[in-house]
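Colleague: This is what each chain is made of:
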Amino acid sequence: MAYELIEKIRNNELKIEDIIVHTFSKIEETEDNLHSFVHLSKEKALNKAQILDKKYAKGESIGKLYGLPIAIKDCICVKNSPTTCCSKILKGYHPPYNATVVERLLEQNNAICVGRTNMDEFAMGSSTENSCYGPTYNPWDNKYVPGGSSGGSGAAVASGQVILSLGSDTGGSVRCPAAYCGVVGLKPTYGRNSRYGLVSYANSLEQIGPITRCVKDNALLMEIMAGKDPLDSTSAVVTVDNYIAHLEDSIKGKTVAIPKEYFGEGINISVKQKVNDAIEILKDLNIKTIDVSLPHLEYTIPTYYLLAMSEASSNLERFDGLLYGKITPEQKTNVFKVFKKTRGEGFGTEVKRRIILGTYALSAGYYDMFYMKALKVRTLIKNDFQKVFKKADVIVCPTMPTTAFKIGELIDDPLQMYLMDILTCPVNIAGLPAISIPCGFDEKKLPIGFQIIGNYWEEQIILNIAYQLEQQLQLYKKLPEIGKRRR
Amino acid sequence: MSELEIIIGLEVHIQLTNLETKLFCRCGNHYRGKEPNSLVCPICLGYPGSLPVLNRKAVEFATRLALALNCEINEEFFFFRKNYFYPDLPKGFQISQYNKAGGKAFADGGYIEIKIGSQPKKISLNRIHLEEDPARMIHQGSIASSPYSLVDYNRSGVALIEIVSEPDLRSPEEAREYLNQLKSIIQYTGIADLDLEGSCRVDANVSLKGHPRSEVKNITSFKEVERALKWEIQRHKNVLKRGKELVQETRHWDDTRRLTISLRTKEFEKDYRYFPEEDLVPIVLEQSFIQQVKDDLPEMPTERKKRFQKDYDLPEFNAEILVIDKNIADFFEETVNSNDDFTSADFNQICNWLMGDISRWLNENNTNITQTQLTPELLSELVILINQGKITGKIAKTFIDAMMSGESPKKLIKKTGKQRISDEKVIRKIVKEVIENNQDIVKDYIRNPKAIQALIGKCMAKTKGQADPKITRDIMKEELEKSLQ
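The listed protein sequences derive, respectively, from chains A and B. In terms of the numbering used here, the first sequence is residues 1 to 487. In terms of the numbering used here, the second sequence is residues 488 to 972.
If you're looking for bench data, these hints aren't it; they were derived computationally from the structure. The beta-carbon is built from N, C-alpha and C at its ideal position, and this holds for glycine as well. Be a bit skeptical, because a hint or two may be false.
[Said to hold, decoys possible] Simulated pairs of lysine-lysine, PhoX-like, Cα-Cα distance not exceeding 20 angstroms:
#1 A/K376 with B/K591
#2 B/K881 with B/K898
#3 A/K478 with A/K445
#4 A/K373 with B/K591
#5 B/K937 with A/K340
#6 A/K64 with A/K8
#7 B/K957 with B/K937
#8 A/K373 with B/K587
#9 A/K376 with B/K587
[Stated by the list, open to error] According to the in silico footprint, chain A covers these stretches of chain B (three or more CB under 8 angstroms from chain A):
#10 537–544
#11 566–574
#12 826–840
#13 886–900
Throw the hints in and build the complete structure from the sequences for me.
Modeller: Right, dumping it as structure tokens:
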């Protein structure tokens, strides 16, 4: 865990360079069976480790993260290093600037980026199969997907390649791989973390969030990342709580809402069972439970996909090959031919599907029927949550309706794949914070995620409850055995 | 066939050239003369992951203009994306505003008062809104024949305000008047210098009453508007004269060939898929902010006109023309206030110099008064020399050209040797010669006393304008009476 490593560095028991060397040997040993990374930066990482070791030896401050290795999803800009969103269209693109969260983690607090993690192209997917570099494999069983779209980050942490990573969550892209890989993933309140430098997929829905082995490490990254960024107008001026200090707070007397729709049809029996067991543990910690209803759940999938695809169709218009991500055109051609060739060859099938559907939804004559209507339902879904938060501190439910599915199982059935987001995307539609922590394994020995949804800006409460539950379950100490490739 | 009524509405885009930075990033706004693609950043280049942040000063400028145009400001508004693919648009969409689909313009309504002959007419405005300028495309010759397109992103993200009029204009001349007034108001608000190349662009909606309209795009200066409108109206008339039907279409003004070319007809209109820009939060303008801008709003041309009439005894017509260019009006006030002894006659004389010879010189040289070396002190000196009888108005006129390059009238008297002839003997001699040599005009004078002007003119020509006009006139009258007795 990050905290243990930081203690060891502070006590001179470990050098940062040792940690980085160990990280890369672990990556080299396991990467063939995982494919969590799409770019590695060993040399840069080792250089920075040596510099930090020297600085620390001289008694200089090296920030809050002490050179700890972190894996960063391939859609978050890191200056002068590849950032491709796992799309052919951005191959060779090196952004000239750092995302704000990267600035805060790497530059101000000296985390070391070891590499960029695999993802569904432009974060469009729930399995990490839609990557131009090929899929990532679930560390618990490599016949299965790691979830998505931040599957690389989930797998890298779950396998022990790294202990810290970043993902982004548009409709569940942090929580889904956290659940499928058995790690901790937080999607902050919309506006809590800066999106500056996160390549937009659906900008009104997404947030950058940490994926870590334990809740405390998650709280550590959130404390550093959260807060107003003048470069992101949608980031909010709301005080960032001291998350770590409150982890040990008693949760006695807190009210936990259980929405009946989130345990209904389509939710796997083992998932339900383990989530209910976790609720029993919370009850033992003297929380109160109430049964509630979030009646508009059935509309969330169409609402989410209409909004996300509409926004995507516009956000992805910039990829035309003129300024970056060039696809070599024939000489002396018309510029629109360059656009067509670039986009035709550069985007994968799922991305094209979403651009086309989004373009359709925003077109004259269809706008009111689709986009406007989705906005109205968005308000209804928000209101559902606000009613519940009048009576309860948090809402708990499964993160995913099932455990991980097999690679290739749903790839040709996009609708079925979209339905996997049913329990995560309402949170994005409403802009609320939510965390997924592991609460057990199913009969296939695949992890099950427990989701805690909080009210706006209440990351502290969900981290507190997640931590208390985690301390009872002690699952974070369990690592999968990597290397027995069973495909 | 009786003449059909002409219906014109204008969409004017002006750059907020007086801002220091662009609309959504901190890149410098003054791109003219800069090396191409030197004022750029990830935001105005639309790099993946970059986000816009609204320039507060641009909002203040828009508020200023909205107040000056009597618009109703929408205290809460948000931006929309206008989506289309073009090499000048690095994000694939332009951040703009939209008054449909739940959106609002920056401000609605408002009007501009123009004069048609001596009749005032209110031209209603539909709305104004804020948006970003696309990059600048550079071609070798015309876009069609150029072997390449170059893109200069220095202009990408510069703040624009679009001013949309109602279809209230009835002729190209009215459109010109409207633009003159609009330009004047913009100059007074201090938000833009529209004399800068490329700082304004106009799209014109033109129709003949009862027939489909065409939208003429790409008129790149106010001066071109009248020309483009005349051409387009004539085209409409010609189509109808040949018994054909007009179609609703978008046309392009080709300013080298000076004609419009059809771009697309109605059924091929672009679908811009406007939808809200969620990267910018809704903007709420506090009442106190609007009040502050209102309080700080400089005097506008209409108020200044009234003040000039009252304070300087200028006739309404003169005051109106004088205030239209703020630089000229400022120059007038400085000149007038440079000497406590100036009287209302002097005010009018100064006004006449500025409206007449000086404005003509500025027009001919295609410049504005601040770009010249002429100072209020020099103009004041000229007026004093005339008042003192050292030079005549005619002589003064010949000094203007040199004064525009900073030469003083006193020095010009020495240099040219020109000064007023007031010696009655000298003048009488000239008058007599003129009478003698122009007996036909003298005869004419018996029936038409106005003919005296022609004779005085001859005297002036003989003295190269140096003879005092009043003395010359008096002596001329005397001598004519004598010769006729």
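Colleague: Each hint needs a verdict: does it hold in this structure or not?
Modeller: Hints versus structure:
no., hint, verdict
1, A/K376 with B/K591, "holds (18 angstroms)"
2, B/K881 with B/K898, "holds (17 angstroms)"
3, A/K478 with A/K445, "holds (12 angstroms)"
4, A/K373 with B/K591, "holds (19 angstroms)"
5, B/K937 with A/K340, "violated (78 angstroms)"
6, A/K64 with A/K8, "holds (14 angstroms)"
7, B/K957 with B/K937, "holds (15 angstroms)"
8, A/K373 with B/K587, "holds (15 angstroms)"
9, A/K376 with B/K587, "holds (16 angstroms)"
10, 537–544, "holds (count 5)"
11, 566–574, "holds (count 4)"
12, 826–840, "violated (count 0)"
13, 886–900, "violated (count 0)"
Hints 5, 12, 13 from the list above are not met by this structure, while the remaining hints are.
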